[in-house]
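Those protein sequence lines, which keep their order, are chains A and B. All residue numbers for the first sequence refer to our numbering, where the first residue is 1 and numbers rise by one. All residue numbers for the second sequence refer to our numbering, where the first residue is 1 and numbers rise by one.
It is worth saying that the hints were derived from the structure and are not from the lab. Think of the CB as a built atom: it goes at the ideal place given N, C-alpha and C, for glycine as much as any other residue. Where hints are given, some of them may not hold.
Below 30 Å or equal to it, Euclidean Cα-Cα: the simulated DSSO-like pairs (lysine-lysine) are [stated by the list, open to error]: (1) B/K22 <-> A/K20; (2) B/K71 <-> A/K41; (3) A/K64 <-> B/K42; (4) B/K22 <-> A/K64; (5) B/K58 <-> B/K22; (6) B/K42 <-> A/K20; (7) B/K42 <-> A/K14; (8) A/K41 <-> B/K42; (9) A/K66 <-> B/K22; (10) B/K58 <-> A/K41; (11) A/K55 <-> B/K22; (12) B/K57 <-> B/K22.
So the derived label-pair ranges between C-beta atoms look like this [claimed, not checked]: (13) A/C13 <-> B/L40: 28 to 36 Å; (14) A/M45 <-> B/R109: 29 to 37 Å; (15) A/H85 <-> B/E15: 42 to 50 Å; (16) B/V54 <-> A/D65: 20 to 28 Å.
Each chain, letter by letter, is given below.
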Amino acid sequence: GAVVSQHPSRVICKSGTSVKIECRSLDFQATTMFWYRQFPKQSLMLMATSNEGSKATYEQGVEKDKFLINHASLTLSTLTVTSAHPEDSSFYICSAREISRGYNEQFFGPGTRLTVL
Amino acid sequence: GENVEQHPSTLSVQEGDSAVIKCTYSDSASNYFPWYKQELGKRPQLIIDIRSNVGEKKDQRIAVTLNKTAKHFSLHITETQPEDSAVYFCAASSASKIIFGSGTRLSIRP
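Looking at chain A on its own, in the form it has when it is part of the complex (with noise of 0.2 Å):
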């Protein structure tokens, strides 16, 4: 139990475009999912909280003018990356926590490689 996928796992775009990640929990709900960024040789650095219909709530640095989450069920967080730039190249990773677990465990996804050409 607790599989979270993600979707896709890698993808490549043109700078100035738009990609949407996806992060489905698949065996349970989650009341939370988290979206992270890891650049190589570097920790995950957590970008945005969302909570299943309510607005996201960002880290200190990341834009959320360009990184928009939207929570839409128990089971289905996106992150779509607006206007990408080569900068924005990394391996973005979700995570969700389920509903009935009493502690903070974290299920993460299989992450997705973006390249920004």
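Once you've looked at the hints, dock chain B against the given chain A.
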């Protein structure tokens, strides 16, 4: 803001020896401390975790200790094997989010 410091950034040990990675956290509200192993290009894998009401936990060759007063927690890997080579991240979680340490690249020398 919340911060998790992790040391060392790189660690090389002889196969069969022990490896220790240490972390400190700043957010007093943190109550859950997972450790992840990440291989290149893949998602972090939870290898062990500890909750704030416990001082230590062991699972075969892996153990974690927590000192809430000092806000320190550590990962201990005994009898290291080549497959233990990877990047390890500590993390501290409160009700709102998980903050990751900067990572430790562990290499096991044959």
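Hints and how they fare:
1. B/K22 <-> A/K20: violated (37 Å)
2. B/K71 <-> A/K41: Satisfied, since the Cα-Cα distance of roughly 26 Å is no more than 30 Å.
3. A/K64 <-> B/K42: holds (26 Å)
4. B/K22 <-> A/K64: violated (34 Å)
5. B/K58 <-> B/K22: Distance ~16 Å between B/K58 and B/K22 Cα, so the pair holds.
6. B/K42 <-> A/K20: Holds. B/K42 to A/K20 sits at ~20 Å (cutoff 30 Å).
7. B/K42 <-> A/K14: holds (24 Å)
8. A/K41 <-> B/K42: holds (13 Å)
9. A/K66 <-> B/K22: Distance of about 36 Å is beyond 30 Å: violated.
10. B/K58 <-> A/K41: Holds, at roughly 28 Å.
11. A/K55 <-> B/K22: violated (36 Å)
12. B/K57 <-> B/K22: Roughly 15 Å between the alpha carbons, so the hint for B/K57 and B/K22 holds.
13. A/C13 <-> B/L40: 28 to 36 Å: violated (23 Å)
14. A/M45 <-> B/R109: 29 to 37 Å: Between A/M45 and B/R109, where Cβ atoms are some 31 Å apart, the hint holds.
15. A/H85 <-> B/E15: 42 to 50 Å: holds (44 Å)
16. B/V54 <-> A/D65: 20 to 28 Å: violated (43 Å)
In summary, the numbered hints that this structure violates are 1, 4, 9, 11, 13 and 16.
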